[in-house]
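Peer 1: Using the hints provided, position chain B relative to the given structure of chain A.
Number of protein chains: 2
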Amino acid sequence: MDSTVINESGSAPRLNHETRLHEDDHHSIKLWLRLLTCSSFIETRLRGALREEFDTTLPRFDFLAQLERVPEGLTMGELSRRLMVSGGNVSGIAAQLVSEGLVDRSPLPDNRRTFMVKLTPKGRKAFARMALRHEQWIIGLLGHLESREVDQLMALLDRVKQGPQ
Amino acid sequence: MDSTVINESGSAPRLNHETRLHEDDHHSIKLWLRLLTCSSFIETRLRGALREEFDTTLPRFDFLAQLERVPEGLTMGELSRRLMVSGGNVSGIAAQLVSEGLVDRSPLPDNRRTFMVKLTPKGRKAFARMALRHEQWIIGLLGHLESREVDQLMALLDRVKQGPQ
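Protein sequence lines correspond, in order, to chains A and B.
Residue 1 is where the first sequence starts when you use my numbering, and the numbers rise one by one after that.
Residue 1 is where the second sequence starts when you use my numbering, and the numbers rise one by one after that.
Because the hints were derived from the structure by calculation, they are not lab data.
By construction, the Cβ of each residue, glycine as well, lies at the ideal position given by its N, Cα and C atoms.
Heads up, some of the hints might be wrong.
[Stated by the list, open to error] Here are a few chain A residues that sit away from chain B, every Cβ distance over 10 angstroms (derived from the structure): (1) Arg51; (2) Thr57; (3) Pro59; (4) Asn89; (5) Ser99; (6) Gly101; (7) Pro107; (8) Arg113; (9) Lys118; (10) Ala126; (11) Ala128; (12) Lys161.
[What the hints assert, rightly or not] Output of the computed footprint for chain A on chain B, the stretches with three or more beta carbons under 8 angstroms from beta carbons of chain A: (13) 35-43; (14) 141-152.
So here's chain A without its partners, still in its complex pose:
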């Protein structure tokens, strides 16, 4: 249950989005590139760990994660909307997951052109295993922050999210 898989670092010096900064860049640019560096760093580790431990991808994980929250299932359209990706990609992933028995896809009784997708019991079990590891990886990457720091970051990122009012 360790999380070494995501704590490895290569031998090359660590590059990140801040490499392209100029001394006189506006502080908003510096902040944006640091934000991007942090999220890219974590995302890259998660992608690598999902591939290595579960031979799967982040879009597939996100697909299952959305379904896990809604036992009755979602229409393909609603799922695309929640995943914020195009329908084409979602259809491709759905087809794979159906063929692996992790997801069930069937037309609505009253509208045969609308498809509902939901987790199968096998999909629910498979996702539970991945979600547990996913949580451990993230704690491995962020667990060094003290709770006071987490609270401050949550509040400041909320200010970022709000955007200019």
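Peer 2: Leaving out everything else, chain B in the frame of chain A:
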């Protein structure tokens, strides 16, 4: 010189990565999804604005941004490394930018299999225009933060970057 193009919001309720949270998720998960929500939100706006105003993409912008910092140019290998993407993608973008006259690509005199790329004067001018707008967009998205908040965020994100020691 306004930045309305990136402040538009659709009519649908705003979805984000935090949609999939459970009440009892670990605070590290909540923090990660909020970080991802913030960076995805900004990245989506930047991609849209680059497409709309300059008919270009973020990978092309990043490619030019890396070259702009190094007037003498970079080898294709070094550029791939700095962009943290695979060589294939970088070659494709280089070919496009060369055909548009924004980038010059030529073999090293002493090693004809190694290619150097650098901005042409036209590429330098085109990038300067994009970089100015890019800065304005980011200020439009993050400029509502007070400097004290920016400083706190920079310090806390630095703690995130450091990772578990």
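Peer 1: Taking the minimum C-beta separation from Lys161/A to chain B, is that value above 10 angstroms?
Peer 2: At about 6 angstroms from chain B, Lys161/A fails to clear the 10 angstroms cut-off, so the statement is violated.
Peer 1: Is the Cβ of Ala128/A farther than 10 angstroms from every Cβ of chain B?
Peer 2: holds, 12 angstroms
Peer 1: Is the nearest CB of chain B more than 10 angstroms from the CB of Pro59/A?
Peer 2: Per Cβ check, Pro59/A is outside 10 angstroms of chain B; nearest 13 angstroms; holds.
Peer 1: Checking a non-interface call: every C-beta of chain B should be farther than 10 angstroms from the C-beta of Ala126/A. Is that right?
Peer 2: holds, 17 angstroms
Peer 1: Examine the segment 35-43 of chain B for residues whose CB is less than 8 angstroms from any CB of chain A, and state whether their number is three or more.
Peer 2: n = 9 at 8 angstroms, threshold three: holds.
Peer 1: Verify that the Cβ of Thr57/A lies farther than 10 angstroms from every Cβ atom of chain B, and report whether the claim holds or is violated.
Peer 2: Since the minimum Cβ distance to chain B is about 16 angstroms, Thr57/A lies beyond 10 angstroms and the statement holds.
Peer 1: Compute the least Cβ-Cβ separation between Pro107/A and chain B, then decide whether it is above 10 angstroms.
Peer 2: holds, 24 angstroms
Peer 1: Looking at Lys118/A again, its CB stays over 10 angstroms from all of chain B?
Peer 2: holds, 15 angstroms
Peer 1: Does Gly101/A really sit off the interface, with its C-beta more than 10 angstroms from all C-beta atoms of chain B?
Peer 2: holds, 22 angstroms
Peer 1: Just checking, Arg113/A versus chain B, shortest CB gap more than 10 angstroms?
Peer 2: holds, 21 angstroms
Peer 1: Can you take a look at whether the segment 141-152 of chain B is actually covered by chain A? Rule is 3+ residues, C-beta closer than 8 angstroms.
Peer 2: With 9 residues closer than 8 angstroms to chain A, the segment 141-152 of chain B meets the three-residue bar; holds.
Peer 1: Verify that the Cβ of Ser99/A lies farther than 10 angstroms from every Cβ atom of chain B, and report whether the claim holds or is violated.
Peer 2: holds, 24 angstroms
In the structure shown, a violation is registered for the earlier hint numbered 12 alone.
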